[in-house]
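Starting from the known structure of chain A, fit chain B onto it as the hints suggest.
So the chains spell out like this:
There are 2 protein chains.
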Amino acid sequence: MAICQIKLKPNIIKVHNSAELTDAISKANAGDNIVMANGIWKDVQIKFYGKGTKEQPIILKAETTGKVTIEGVSNLQLGGDYLEVMNLHFKNGHTPTGSVIQFKINDETIANYSKVTNCVIEEFTQPNREVSDHWVELWGKHNQLDHCNIIGKSNFGPTVRVFLTGNKNINNHHQIIFNHFGPRPRKGGPHGETIQIGDSETSMTPSYTNVSNNYFEHCNGEVEVISNKSNFNEYRNNIFFESEGSLVLRHGNYCTIDGNVFIGNDSSEFIGGIRVINTGHWITNNYFYNLKGKEFRSALAVMNGIPKSPLNRYMQVTDVVVANNTFIDCVSPFQFSVGVNIDKKTVLPASEIRSERPERMVVANNMVYNHKEDNYPIVAYDKVDGVTFKKNVFNNVNKSNISNDGIITRDFQVKKLSEYLYVPTKNQEDAYKGFDFEKISTDIFGADRTKQNSIGAITIPVIDPTLINKKLYGTNWFSTNSPHYNAKIIQVATNKELLSQLEKSHSGDILSLKSGIYEITSALVINKHITIISVNSKNKAQLQFKGEKAVFEMHPKGVLNLENVILKGDKTQEAFTTLAKNMSQAYDLFIKNTEISDFKSVIKSYKASFADTISINNCVIKNCLNGIELNKETDDGGDYNAEFVYIKNSKFDNIQSTVLDYYRGGYDESTIGGNLVLQNNTFTNCGTDDKSGILIHNQGIVNVDFSNNTFKNNPVRDIAILWGEKGQKPVNNTISNSGQIRIEESLKQKLMY
Amino acid sequence: MAICQIKLKPNIIKVHNSAELTDAISKANAGDNIVMANGIWKDVQIKFYGKGTKEQPIILKAETTGKVTIEGVSNLQLGGDYLEVMNLHFKNGHTPTGSVIQFKINDETIANYSKVTNCVIEEFTQPNREVSDHWVELWGKHNQLDHCNIIGKSNFGPTVRVFLTGNKNINNHHQIIFNHFGPRPRKGGPHGETIQIGDSETSMTPSYTNVSNNYFEHCNGEVEVISNKSNFNEYRNNIFFESEGSLVLRHGNYCTIDGNVFIGNDSSEFIGGIRVINTGHWITNNYFYNLKGKEFRSALAVMNGIPKSPLNRYMQVTDVVVANNTFIDCVSPFQFSVGVNIDKKTVLPASEIRSERPERMVVANNMVYNHKEDNYPIVAYDKVDGVTFKKNVFNNVNKSNISNDGIITRDFQVKKLSEYLYVPTKNQEDAYKGFDFEKISTDIFGADRTKQNSIGAITIPVIDPTLINKKLYGTNWFSTNSPHYNAKIIQVATNKELLSQLEKSHSGDILSLKSGIYEITSALVINKHITIISVNSKNKAQLQFKGEKAVFEMHPKGVLNLENVILKGDKTQEAFTTLAKNMSQAYDLFIKNTEISDFKSVIKSYKASFADTISINNCVIKNCLNGIELNKETDDGGDYNAEFVYIKNSKFDNIQSTVLDYYRGGYDESTIGGNLVLQNNTFTNCGTDDKSGILIHNQGIVNVDFSNNTFKNNPVRDIAILWGEKGQKPVNNTISNSGQIRIEESLKQKLMY
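Just so you know, the protein sequences line up as chains A and B, in that order.
Under my numbering, residues 3 to 755 are what the first sequence spells out, in order.
Under my numbering, residues 3 to 755 are what the second sequence spells out, in order.
Extracted from the complex, chain A is given alone in its bound form:
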């Protein structure tokens, strides 16, 4: 069919500054292209409004793709019809309002049929991580976010948020497609979703948002990479790559999750798949590879609900269909009645007790293959009496409690077709035909199932076996790969050299310290990745601190490897601290073979600071008033000051007050919840001035390894109180004259909702 089109020449208006831009927008008509001149646009708050048409949108774009950066205190709001924003780069700044890009100007001027495309938002994060914002807020109807790169949000608030509040914003049919999301770093607290669609108060609202063909890479903000909180949304053909969380059907119903890929790795138990709550979802044609998560983070987590649940808690799972999915090398991929907590009745109110099992659920035609024998494809935390299993095939023997004739051990093979992709060598054609299953008309690659069908997500032959084609996602111009840098080793012999070389050094460099005493009078600022090491491990350099605050001040993104060094203070300062404000991004601290003595505190953190990792290995720490203080998140909103804390093979002597205070408050299930590894250490004469009666505080920390330590002559009542419910227990510790290690099964936590 031939269509005759009249191509209209756009009216191009080039603008060079904010005033010209404002003027151009105020005069814009359908078909106008407003072109922002190349360069840095600093502190601009753009309100882009107008009435374009489908054929003649109003376009706002960069003169040259990627050469227009929006920096400083800036943002963009759209309001009107058929507006398009293209090719902009937000970096080096943050928004002064609640959002960087917002599809409305105010409640009267909302965007419809508008697009933001081929743009980048790069680390445009709030200086204070506790300040909440969203980077993209979708309002109105029929808007689109496509081909964008969205990277490095470390503050409070979901990255992309779809709002449904008000009739102008329902049945929105928004398109979130072909974007590259990530990394979103660990946040150490809730509200770190990458996409959230609606909220519990609009969880009855029809949304019809389409999230398809996006690449979620290391989106580690919290347990919900995507938080679905409305109805009739579709999630298709997205890649979730090593993201520490799941696609969570938190509120809302009747969603479609089809053709998505979830990739884990051998080392992480935090990378999840799909978590199911509520009613009527169809989960089909998804491919899960190498996922090791369990419970909330299992490949397929089906939760228990709360009877007559409050609006913002957990509705029962009903009428959900899970069909034609493939699980390769996942550990116990099916987990049912996740979150059951009937035994927590003593510490939780009835309105928190998840006792309602899934009902009228159908699990059919799924394929599970494990190269390494796994006999527990299913884990059930409660009775599984509301699930119909049909034609699910496993290549191993099923020894789980759940065994019925819908779960079949079958001798079938898979072969590797491309990276991460394993497909059956033969179609398993005997699929179950359930109610409405004819809707599952294609496989994950779009092959017609009426022509070639198999149990699982994939039918053979596979025409194009590429599972992840990174070129599809994000802009056509931006790359997250930083150029390669060859790290230098810089020899340092004096105080002065240490200071100047630290300042001059490039991220990744190594400062190699000659033996001797370095008198330090002001804090060494760590705002990049730096290694400080003594040349001679037998004759360690000694940093004698004569200054006021701390030897090392960790700044956002600072990473310090400190090795073979002696740190000495005069009992009035800290060995390590953070900025007191504006710790916008995480820091890391690795301390090895180092002696630390005579400080007020070894590590003092501040509120809103966050360490991804603190590692102390083979160190001697002595004669300090306090040890490690990671206890400044006292709002009890689920936040905490460090994700991984490793203390190994070290000696603590005469730490007068608390040795370690690592605190997470508030009843929250959104995060990893902290990790403490305390192994092979010796504690002597500590806690002499302690008033709490507890030597090691780990209140609310979820993952604790407490083993092979020796406690001697520490005059405390309790060495530590471990959280039984989370599987914490002391292993092989030696205790003399030091109180005891107690276990409390359930922890009373402050409800946050």
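These are computed hints drawn from the structure, not numbers from a lab.
Any given hint could be a false lead.
Chain copies aren't distinguished; within one or between two, either way the pair holds.
[Unchecked claim] Result set (DMTMM-like, lysine to aspartate or glutamate): computed pairs, CA atoms no more than 20 Å apart in a straight line:
no., residue 1, residue 2
1, 310, 354
2, 428, 638
3, 170, 361
4, 310, 203
5, 653, 747
Just chain B now, with coordinates in the frame of chain A:
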């Protein structure tokens, strides 16, 4: 356009009994017509299944319309596609299962694209009112109930119930159209809805049921004539005629209520309109006439919600549009924050406190006209801060608390065009144009609003001013009007005559008793409408009861007018009682100018019995052990034994124990809740043997008038305890040596949910 149709001749199979019917069904093919022979089909349970097609349905029908009655213990189930049931009459029986007509046979065999049409279900009610059933259960998708008469359900359970449980039953698009519902008598307890669509557990489920062009006449079962509990349903052009309840959007969202007519009358405060809960409803073009209800039963009741409400309680009202409705002679038609109960925190849990006001609600272009001045068009039980008012016109001065420029007093006129119908003499054309208001494209009569527009439901000119055309509704063959009967007056002079004439008399007749003593040895059964009266009011006939049980035994549908009579017992029997079982329908008792003495109880009711009205006027009641016992509904499920209890101008002397025990238990808001009028009576020497310390028990009864009584020498602590919250208070009573009348503001009631 000419369409060429091939008319297929149906294959007619006539059947004469259950076996032939079963056989015919088992062999039926698309296009078959199974014809049931005229006559009574007793104790038949029909399973009608098969696969018809759109062009060739399988039809089950009566040989002659209305000449096939299905009686006894019978029911009908449908399963399959394109099945049609026509012209049957269910009467004189009840179902042995949970439903009379059910659109499924079992969970595997569900009806789709099927119809029940031109049928009658007449008083096919359970013998025991406490046994729950539904008369029509809709399952599956695309089914239809049309042109039926559905009359006289008096037992527990909604008359028509749409089920959404399970994916086979969602997005159902059922059609409930052109039916005549009613009367549904008062039930004296909850679960007396006429139509219920879904339940709280499927309140997030898309239904798309269409309830249109039905006539609801005296549907008085409970406060919800229709209980909407699912999403996207439509209610259009229905007539609600003097029905004591409302169309209630109890759960579920995004419903359309358009073009309906609500007719009240001068005498009832129980006839309601529309009650609003939840999100996104559009209420447009409705016509409300002469409604006097308030709070739950107001013309438009907008409720407060419970914060983070449990699934089965009250969600907040948000994003609701109420536009272009007309209210003629309604008392305070707009009531906001109905159900607010913040002051009941002491007797209710937090999860019952309705403190959330409506939000983002738009009330616009409504017309309110009152012939009699009413200065309070709006009643607000809480602040009204979430409602936008635009262009609502009133013909009276607005003195309510809510006054803003969206509420306009305007001098306009209406004229009467037909019964109940008042229309403006001039279109009020200055309507507000809100978001999406172009959807309100026609008026209540279908007139195009782009051609003639007005504030209110009606635009002029009105082409056909018929508001209610009864011919549209129900079957084309059944009439609820019973043939006229000229009541006879039957003279009675002896025991024998009394017994035989009572038995022989026709409902409506009057037994006129000659003066003298009638020795009665067995109960007089009242199973019809009968009047018993002494000829000479100065010389009353005396019924001396020598039997065992009671002088009068009230049966279902029994109505007794007793006047100018003396009843005497020997203190071991009752004066009036009910059947102990199978009180399937209500009874009425009117006692006037009568002396009652020497009974064990004056009135003894049984569990599951229900009196619509008990009236005692100008009587003398003395020397009895007990008075009036309406206290047998002790399950605390909201049920009670009588709706209206009038005790006036009477003397009670020496009633040894409780004079009156009128009981309603359980926290329930579904019913009128009982009515007690206690006026102008004298109580002396009563309660001498009472152990409760209370003379008159009215626990849980909602409406109480307690005035102008005299209490003298009754040795009790309390005469009565009144319920302050419901506005109960004693008025002008005279008390001496008889305890006190207490008021308790809030009543602690057992939660039922």
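Provide an ascending list of the numbers of those earlier hints which the structure does not satisfy.
2 and 5
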